[in-house]
Structure formats: structure tokens, C-alpha cells
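Model the full structure from these sequences, guided by the hints.
Chain residues, written in single-letter form:
2 protein chains.
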Amino acid sequence: MASLWLAGWGVLLLSCILGFVVPSAPTYQTYYFDQKIDHFGFYEDSTFKQRYLVSDTHWRKPGGPILFYTGNEGDIALFSNNTGFMWDIAEEFGAMLVFAEHRYYGESLPFGNLSYSDPKYLNYLTSEQALADFALLIRFLKERSEARDSAVIAIGGSYGGMLAAWMRMKYPHVVVGALAASAPIWQFEELVPCNLYYQIVTNDFKKSGPGCAESINKTWSALNRMFKSDEGIRWLSGTFRLCAPLKSQDDAAGFKNWLSETWVNLAMVDYPYPADFLMPLPAWPIKEVCKYLRNPNLDDKQLLQNLFQAINVYYNYTGNTQCLNTSQTAVGSLDDLGWSYQACTEMVMPFCSDGITDMFEPQTWNFEAFSDDCYKQWGIRPRPKWITSVYGGKNINAASNIIFSNGGLDPWSVWR
Amino acid sequence: MASLWLAGWGVLLLSCILGFVVPSAPTYQTYYFDQKIDHFGFYEDSTFKQRYLVSDTHWRKPGGPILFYTGNEGDIALFSNNTGFMWDIAEEFGAMLVFAEHRYYGESLPFGNLSYSDPKYLNYLTSEQALADFALLIRFLKERSEARDSAVIAIGGSYGGMLAAWMRMKYPHVVVGALAASAPIWQFEELVPCNLYYQIVTNDFKKSGPGCAESINKTWSALNRMFKSDEGIRWLSGTFRLCAPLKSQDDAAGFKNWLSETWVNLAMVDYPYPADFLMPLPAWPIKEVCKYLRNPNLDDKQLLQNLFQAINVYYNYTGNTQCLNTSQTAVGSLDDLGWSYQACTEMVMPFCSDGITDMFEPQTWNFEAFSDDCYKQWGIRPRPKWITSVYGGKNINAASNIIFSNGGLDPWSVWR
Chain A
1 MASLWLAGWG
11 VLLLSCILGF
21 VVPSAPTYQT
31 YYFDQKIDHF
41 GFYEDSTFKQ
51 RYLVSDTHWR
61 KPGGPILFYT
71 GNEGDIALFS
81 NNTGFMWDIA
91 EEFGAMLVFA
101 EHRYYGESLP
111 FGNLSYSDPK
121 YLNYLTSEQA
131 LADFALLIRF
141 LKERSEARDS
151 AVIAIGGSYG
161 GMLAAWMRMK
171 YPHVVVGALA
181 ASAPIWQFEE
191 LVPCNLYYQI
201 VTNDFKKSGP
211 GCAESINKTW
221 SALNRMFKSD
231 EGIRWLSGTF
241 RLCAPLKSQD
251 DAAGFKNWLS
261 ETWVNLAMVD
271 YPYPADFLMP
281 LPAWPIKEVC
291 KYLRNPNLDD
301 KQLLQNLFQA
311 INVYYNYTGN
321 TQCLNTSQTA
331 VGSLDDLGWS
341 YQACTEMVMP
351 FCSDGITDMF
361 EPQTWNFEAF
371 SDDCYKQWGI
381 RPRPKWITSV
391 YGGKNINAAS
401 NIIFSNGGLD
411 PWSVWR
Chain B
1 MASLWLAGWG
11 VLLLSCILGF
21 VVPSAPTYQT
31 YYFDQKIDHF
41 GFYEDSTFKQ
51 RYLVSDTHWR
61 KPGGPILFYT
71 GNEGDIALFS
81 NNTGFMWDIA
91 EEFGAMLVFA
101 EHRYYGESLP
111 FGNLSYSDPK
121 YLNYLTSEQA
131 LADFALLIRF
141 LKERSEARDS
151 AVIAIGGSYG
161 GMLAAWMRMK
171 YPHVVVGALA
181 ASAPIWQFEE
191 LVPCNLYYQI
201 VTNDFKKSGP
211 GCAESINKTW
221 SALNRMFKSD
231 EGIRWLSGTF
241 RLCAPLKSQD
251 DAAGFKNWLS
261 ETWVNLAMVD
271 YPYPADFLMP
281 LPAWPIKEVC
291 KYLRNPNLDD
301 KQLLQNLFQA
311 INVYYNYTGN
321 TQCLNTSQTA
331 VGSLDDLGWS
341 YQACTEMVMP
351 FCSDGITDMF
361 EPQTWNFEAF
371 SDDCYKQWGI
381 RPRPKWITSV
391 YGGKNINAAS
401 NIIFSNGGLD
411 PWSVWR
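Sequence lines, in order, name chains A and B. Following the working numbering, the numbering of the first sequence begins with 1 at its first residue and continues without gaps. Following the working numbering, the numbering of the second sequence begins with 1 at its first residue and continues without gaps.
You can take every hint at face value.
Which copy is meant is left open, because identical chains are indistinguishable; a pair holds if it fits in one copy or across any two.
Below are the EDC-like pairs computed for lysine to aspartate or glutamate, each with C-alpha atoms no more than 20 Å apart in a straight line: (1) K394 to E189; (2) K142 to E189; (3) K291 to E214; (4) K61 to E91; (5) K394 to D149.
To be clear, the hints were calculated from the coordinates, so they are not data collected in a lab. Remember, it's a predicted structure, so these values are computed and weren't measured experimentally.
In C-alpha cells, the structure reads:
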């Protein structure tokens, strides 16, 4: 179960509050910068090519500012295309836009196709290495005489927002400020209760339609009853038009987890306009979803049929989806695999739910089980205290010039 | 030649402006703390025991401050015994004193006796790893309820002073301030001209006696002439009472380098009181040295006989030294080897001299030759731009609560 949780977190983090959709295809040049694979040791001295995108159409040179997107867990083109805010303000500020890809994502693979093949190759996938990449890339960009006096602002969303904030904290000589959007820098250890996140997701559904959160809350026990018989399992596979039919009760946890992630994703992309970030979706997609979930007091099959209609809004808004694939919760160039490794090493985020203050099935946070799953999947053990030790947790009052922004509906806002 | 330079730098850095001698043997308890060998990667998950010394005789608990010595390149007991300033102020501030040993020095060897045997074992000898050690050790110390509200001040001298300053810059949530004594944080790249250091050493000798610096300046050509004949080489070996006689002209560079290091060391420990840091020495040792070097206008043999008398102040103040050993320039628990590795990786310090504005033999800074020597000795290449990229060079105005102190005679003061 926990390993499935892991798989979902990559998507979880892509909340993308900066994600006003870029109106037309943005124009940028693609470049590559040689980075040391290991900034913090000298034994591994090889380099890899870090990809970055530059748009200098509106750059007022010399000296115009550089808005530097601190890439997170995915293909940098995805973030460039979904960070309309930067494109919107480029002209007004006479800014150069730079989007730097995070190592181990997109094309920026330190060991090429081998990068994910072995723990020894994955060893350099950390936030500290990524920040050092950014620092060295910016140093390089500023060697150009027209950029020598350019102020650099780090901008990022979600995990990229954390990186933007940490960039200003750790490299204040490199970036004069940071805009950290939806950056859950308190998501670690016990800085906030582990169930707050799901409470906010639940509130988003409560606000979007009567009976909605309550209906979802009731689906878990309905599903558990259906999973008790072979007939019920067959019925579920058919009703939900699953690409790969459920086989036994062993599939229950995975199926329910897929549904949980769907609700979480919807909370993250509940934009007031049609968008296409995790999935192509209408404006206010949770309202659309909740239209199918008004009555919690139905029998199991009726309730679950409504559940299918509801998630179909998310998975098949275009009407082109032939069947539902429970092994993924988003399309596009997201990289769950990389994030799963990061969650298993530095980015240990305790999540839990109680089914009372939230609409999810109760689940405690079990670090030992989580650690065991990480060891099974990656051959390494998480270090849950490291991030707060290195970045300070809530104690960041020595930092300056960081804007933490977030939307009121964004579940990640609990950690800021 | 360059490799000899390397060997000397460990000593060079031990300028120890905080080094008022501790009046009586200080009392402390010795502890060990489990540290990850690699804080910045998860593949190497082993731990080692970091030694630290604690004196809480004067600690006003709960909440009294913690003065935390950020250990540098040597046995921590050496620094504890030579940092009288901390012992002097402990009572007044009701402070707990902690002296943390730097990894790869003293007893804190990540791979035990193998630590220096292979570049792969040396891979974790970096300032970043050392700072992370300090951060985690302080976190551990503060878990004790009486220390929870204790302010922590980082204190260090020389390389340890750089670490103290960088500790405040990178971990402001861990230490509220830093006293960085004789911390040459500008010693990198071209932040200052490479010959300033030797100019200050020269000035220390100029101030300490008429004809002194000028005499030393003339010894180089006198030595070169002596090295031209076998008779001259034999004469030098005898006159300087060398433990291992010089064999040929090939030994000239090493011999002159040993003398250079001697002058540099004297400049670093030119204390107004008798001390025993690098060597047992009288008060104002350079004045004692210069008593033998008043007349630059002598023939070669007379000048070099005076030279021997002069360096004998440094090497044989106790009168117990049977012969002079040109392979070392200090006694005690200093660790040139570790510093040589650090100088070959992160701590790349350009030095040069011109023989005109300073009293040394002209020597240019040749990075390529330096890098080749490093590769020969350690199997790794230096990265001269890394330190300024990670710590900011001169651009540190975002930092706060750091006191940079230094003595006017200290050659390292050029870099602050």
C-alpha cells in the first residue's frame, strides 16, 4: 500500500499555483549546461548536460532582471508551458525568462538511460545538488556582460517553490529574492498535524456541492463490501470501465488509493478556468464532479455508479478515453518515479487521515512501513529529519525577500 | 615543487588568532556522536563517530548559551587547548563550551585507518559535510531539555573561522551568530591579488628588526649559488644540522620551500607572549629571529650561517632539537595530509610572490601545474570556482551576526 502512496506523490506535488495557462505556445531557445554530477564530492568528476530554456524577447539589456524558474519533478517544458505568470510579467519587467530543468527529470539525466537503474546512479538526486546546479547555471548566465548587473529572482511552484525559497536561503548571493508558490516547506516531521492536508481537500469538496464530501466518505465502505465477492469485483471492473480488470481482494487497496489520488489531484487543479495541467479539465472541475455526488444515502451500486460518473469528469472530460487506467492519475510529462525516490530519501512527508474530519478512509502514518517499502523499491532508507536540519523547518526568520503564495483551495497551503 | 606547497598549507591555515594559551589544563568530557558519512547522498548510509569535547562547569542551565567551536584541520584537543578565549569567557556568559572535531581529523575518521587510503574514502572530506556534521550535532545537543532555549554561537579560527562564518550563513536556524577569527574567506580565485599574503608576512619581518626582511630576500640567491656545487650542498647540510643531508640540486626547491614555510609560520604565531602552538616559542618570536638577520650585506656563507641561527629560534627554542627535519614545519597534532586534500579539492588558494614587494623568491600562481600535482597525489582535480559559488565570495551582505576578527600582524588578514 505504502508503495502506491509513494507513486502518487509525484503528482501530489504538482499543484502549480503559478499555472495560469500560457495563452499561446511560448517561444524559447533550448540550451544545455555542463554540470558536475556531484557538487559535494570530488571522486565522481563526470558531468552531464542540464537542459534550460531561455526567452529573452522582452529582456531589457543590459541589466534587466532574470526570472529564473527552479525546475521541479518533471520535464521543464511542462512547467514552462504552465507558468503563465512569468510570461505575463516578462514585458512589464523587461525580464529574461529562464526555466532550468531539475536533474534526473526530462532530458537532464546524469547517467542517461541508466540514471534510474541503480541506487548508486540515483545517489545525486537531491535538492542540495539541484540548488547547486541552479547556482552554477546562474553564475554562468551572469558571465555575459549584459547580464552582469541583472538581479535574479527565483520562481517556482510546489516542490519548485520549495527550491525557490531554499535557493534564496542558501544562495542569497545568487538570487536577490524568491517567489515560492504553493511551497509546502512545513510538510516535514511533525511541523503540522499529518491529517490537515486531507482536511483541506475535503473542504474543497464540501464547498463545491451539497452531499459531495459525504458521498465520497461513504464510497470506501461500499467498495470494501463489493470487494468481498468475485461478483462484486467483476461488477466494479465493468462499471468503472477499467483497462485492466480487478482480480481479487488484493487489488482493493490499490484501487482505493487511485481514487484518493484522484480527489487530491482535483483539489490541486480546481482552477476557475479550463486547464490542461494534470488532465484536460473544465473550469471549477470539483463542482462538475460534485454534480454526480449529491446523495450519500444510496445503496452501494447506485453510489458507486455515481462515483464512476464523478471520476469520469477527471479521466474523460474529452470523451476520448476508452477505458480507465488505475496505474496513473495524470497525463503528460510528469515523473512519478523520480519523486518517489525523492520522497524515499529527503522528502519524507507524513500523511494521515481519520475519516471523520476528512472524507478519506482512515490511515495512520507509519514511518517504519514506509521506510521498509522504500528499501524494497530503491535499496535506500529515508532520513526524515534531514530536510528540517538543513533548511530550518519553521525557523527561517534569518531569510529575507521570499514571497510565499498560495491559493485558498490549495491543500498544500497547510504547510505554509 | 607545488606538491610541497600543498603539504605546507595545513600549517599555513593554523593561524589561530583565538589562540591565547589556556592557562591550566582545561577540563572537559569527551563524547562521540554518530554521523552519516554522507549527508548529501543516500547510497552510502554508514555512520562514523565524531568526537566532541564538552565543558559545562560554568553552564547556567537551563538556557545558558552554547559556544560551539567549529573544529578545523587537526586534533580537536589541540584547538581546545589553544582557544583560551572561549575558556576565558565561559564563566561570564554562563556558557557551555563544545569543541567539535572536524571529520577526517583526530579521532573522527569516517573509514578508520582506511580514511586516507583511497580517493573513494576521501570523498566525504568537504566543508559542506563538516558543516552538516555541526548542524546535526547541535540539533542533538539541543534535544536536552536544559539546552532547548540555548543560543548557539559558532566560534572558530583560521579554516575553523571560515567554517564558523559559513555555519551562520548556511545554517542561521542553528547558530544565532559567529565569531570568525582570522578567517580568510576571500582567499579564493581572484578576490584579492595573490601576492598580498606574502607582502604581509614580509611586513611583519620589516617591523621586527632593521635589515631583517632584506636579509631573508638575499638568502634565496645565496642558496641557489650554494646548491650549484657538491661542496656547497655538503656545507649547507652541515651548517643547518639537517637530519637528512641534502643530496643534489634537486633538493633545492624543497629546502627553500621549507624555509618559506618557516617564515610564514612565524608570521602566524608572532604572539606577544610565549606560546606553544606550532612550536614552543618565546614572546614576539620574529623579533628574536631578526636579531640574527641585521646585516644583508654579507658574503653567502656568513649570511646563511646567520640564517641558520635565525630559523633555529623557531626549530630549537627549547635547545633539545638534535637536528633539523626539513620534512616538517610544526610539531603536535596538526594534519597536513588532510589539508593537502582539501586544498586540492575545494580550498584552492592562489599564492604568488614577486621578490620585490615581498622578501620571497618570485613564484607565479600556476593552476594547471597545481591541478596536475593534485591529480598525482590524490587522483582528483581541484574545482577552483566552487567555494565562491557555494559561499558567495565577497557578496555576503545577506548574512548577519558574524564578527570577523584578526590581528594586524596576521598574514591571513588580507583575505578579510
